[in-house]
Amino acid sequence: DSGVTQTPKHLITATGQRVTLRCSPRSGDLSVYWYQQSLDQGLQFLIQYYNGEERAKGNILERFSAQQFPDLHSELNLSSLELGDSALYFCASSTLEGQGGAGAFFGQGTRLTVV
Amino acid sequence: DQQVKQNSPSLSVQEGRISILNCDYTNSMFDYFLWYKKYPAEGPTFLISISSIKDKNEDGRFTVFLNKSAKHLSLHIVPSQPGDSAVYFCAARGAMGGSQGNLIFGKGTKLSVKP
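Line by line, the protein sequences give chains A and B. Going letter by letter, the first sequence gives residues 962 to 1076 in our numbering. Going letter by letter, the second sequence gives residues 7 to 121 in our numbering.
Hint data in this document are derived by calculation from the structure and do not stem from the laboratory. Backbone N, C-alpha and C define an ideal beta-carbon position, used for all residues, glycine too.
Computed cross-link-like contacts, DMTMM-like style, restricted to lysine to aspartate or glutamate with a CA-CA straight-line distance of at most 25 Å:
hint : chain 1 : residue 1 : chain 2 : residue 2
1    : B       : K77       : A       : D1001
2    : B       : K11       : B       : D37
3    : B       : K113      : B       : D37
4    : B       : K113      : A       : D1001
5    : B       : K116      : A       : D1001
6    : B       : K120      : B       : E21
7    : B       : K116      : A       : D962
8    : B       : K113      : A       : D962
9    : B       : K60       : B       : D30
10   : B       : K74       : B       : E64
11   : B       : K120      : A       : D1001
12   : B       : K113      : A       : E1043
Derived list of chain B stretches under chain A, where covered just means 3 residues or more per stretch with a C-beta under 8 Å from a C-beta of chain A:
hint : stretch
13   : 48 to 60
14   : 108 to 119
Label-pair restraints from in silico Cβ distances:
hint : chain 1 : residue 1 : chain 2 : residue 2 : range
15   : A       : G989      : B       : T32       : 34 to 42 Å
16   : A       : L1057     : B       : A76       : 25 to 33 Å
17   : B       : E64       : A       : E1043     : 41 to 49 Å
18   : B       : R67       : A       : I1021     : 33 to 41 Å
Build out the structure end to end from the sequences listed, making use of the hints.
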């Protein structure tokens, strides 16, 4: 158990809909990262928050947004969903503002299926 | 364009033998390299890392070798055990475009260790 909790584990929704994925980081971790893993792809970095503030953006679509709340949990909002958004979405957390030598600790992921 | 490449999607090895997983990268500014292991239905877990100033790091059965001139790293597992069967991701860390050292992942290599 990495200590990072993601909910829900599975999500099936229709095209055009909006969903929210939730992540609770490890106790004490201030950084939260979101990654997307599509079929046969490596993990693609989406966005990072550190202590409530956005720190870095990767390949995140404009239809996607995220935030980190005062209690440090984070939510990833995906809107106007398309079939191609079907993927595993991972949240990771670390104590550091950047990912140190041990990288970050990953949650189990949320599998999103858009039908 | 992929900056971190794992050219072998899969690898099969006999129990007790050596497993060698390879990874190539293109960006000479990467300062840290990490290997993650991922079992089905779980998030990636950190395995071992190496700083760009070193050429070898060892942790028990796992050794990572870095060849900076060739922009190549490899993970050696000796001896391989059936429990090592998983997908292995190579990742590189480097500051890019204002990010704080976020990880860039390869697509992974699925290792199967046969009893």
